[in-house]
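Hints given; two lone chains; assemble the complex.
So the sequence lines, in the order shown, correspond to chains Z and D. Take 1 as the starting number for the first sequence in the working numbering and just add one per residue. Take 1 as the starting number for the second sequence in the working numbering and just add one per residue.
Think of the hints as simulated: they come from the structure by calculation, not from any bench. You may find that some hints are simply not true.
Restraint ranges, calculated between C-beta atoms of paired labels, are given here [to be verified]:
no.	chain 1	residue 1	chain 2	residue 2	range
1	Z	Pro-7	D	Trp-10	28 to 34 Å
2	Z	Ala-63	D	His-85	43 to 49 Å
3	D	Ser-54	Z	Lys-3	42 to 48 Å
4	D	Ser-73	Z	Pro-112	41 to 47 Å
5	Z	Ala-65	D	Leu-115	46 to 52 Å
6	D	Pro-108	Z	Glu-11	23 to 29 Å
7	D	Ser-83	Z	Gly-103	40 to 46 Å
8	Z	Ile-74	D	Ser-83	31 to 37 Å
9	Z	Glu-15	D	Ser-54	47 to 53 Å
Every residue, glycine too, gets a C-beta built ideally from N, C-alpha and C.
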Amino acid sequence: DAKTTQPNSMESNEEEPVHLPCNHSTISGTDYIHWYRQLPSQGPEYVIHGLTSNVNNRMASLAIAEDRKSSTLILHRATLRDAAVYYCILSRSGAGSYQLTFGKGTKLSVIP
Amino acid sequence: GAVVSQHPSWVICKSGTSVKIECRSLDFQATTMFWYRQFPKQSLMLMATSNEGSKATYEQGVEKDKFLINHASLTLSTLTVTSAHPEDSSFYICSARVTSGRMQYFGPGTRLTVL
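For reference, chain D alone in the conformation it holds in the complex (with noise of 0.2 Å):
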């Protein structure tokens, strides 16, 4: 099946520093990125809907100064997590849906913890 991957996988860092993670689809071309959130035994949270080439959609209530996505290319998105708080300390995982279907590929995941 297609493949999608995440970088980092897992990452710590200082409150207040920002922290971009990636999204890649690897073997097909993808318009529509989608960035989730998930905490501790709950499910997923969809956070926005990223389109390549223009801005994303955000979800309500997801502050999209702080959470900067960018879909620069089929192949690309990168979600910022900009001034993060223990707070923004959560799973954070892309899918990719495939141009022609309606199948959405997940990436593996990126753990963020916040100090």
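Chain Z on its own, in the form it takes in the complex (with noise of 0.2 Å):
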């Protein structure tokens, strides 16, 4: 399976844009990239996925380099909500089951 690399740890003041980097060297064409994020004692949260174009939602963007070898989730203006743990996925698709390999993710924290 494709696998991603995060800094372990990010910090960042309230208020200002965040920059999660991911690396996935060995990404295949039909994988799409994920992220996810868990604050503490809870399930993982949906935030973003994309295949090869930039993505927008109401929570996040998702910046993916020209190769599909790395990828950026941006965090527009960082609130005390936003810490937790955000993980990079690659999607496995087999069968249709369309899984999901959790790293160990980066853990931000927000400085108010």
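Written out as structure tokens, the structure is:
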């Protein structure tokens, strides 16, 4: 399976933009890039996903490199509620199951 | 967004007993549901993939006779931990995939403590 590499932790000041990087150099042509986040003692929350083009939604933006070997999750204005572990995951589609394999993720701390 | 519930949110049981955890998709139909386990300070580990009306597919190293999964309807999957032991204490999380989409929606998790 294609793997992802993320920094263990990052810090951001409240109300500033945050850029969370993810490397996936062995990504295949059909792998989608997903981002989920998990607050302590909660289930993960879907953030965004994309294939080749940059994506925007109400939560964040996803910038995908032209060679697709890396991507960046952008939180435009960090709030204290955004403090969480962020997972960058490549979807594995086998028989339509779209399984997700979670790595260690990036723990984002937001400083007031 | 889509809502997935789990019940119970936490359970404490004695060693040797069985525990059933329910996972429900409340406002959508989910052909596929997934079960994960998460130990403290670790990431989620996929245990099994459950498709409605068929047998679950278990990940390598997960005992199918110990972790019984039933997915009898498009909105309900259950995980039964049989003969639970202290090493089974963990945070169990389910997710459901929208039939026509790629996103998975996760439940809030169930904290299992086996004494």
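Do the hints match the structure? See the list:
no., hint, result
1, Pro-7/Z - Trp-10/D: 28 to 34 Å, "holds (32 Å)"
2, Ala-63/Z - His-85/D: 43 to 49 Å, "holds (46 Å)"
3, Ser-54/D - Lys-3/Z: 42 to 48 Å, "violated (29 Å)"
4, Ser-73/D - Pro-112/Z: 41 to 47 Å, "holds (45 Å)"
5, Ala-65/Z - Leu-115/D: 46 to 52 Å, "holds (50 Å)"
6, Pro-108/D - Glu-11/Z: 23 to 29 Å, "holds (27 Å)"
7, Ser-83/D - Gly-103/Z: 40 to 46 Å, "violated (31 Å)"
8, Ile-74/Z - Ser-83/D: 31 to 37 Å, "violated (47 Å)"
9, Glu-15/Z - Ser-54/D: 47 to 53 Å, "holds (49 Å)"
The structure does not agree with the numbered hints 3, 7, 8 stated previously, though it agrees with the rest.
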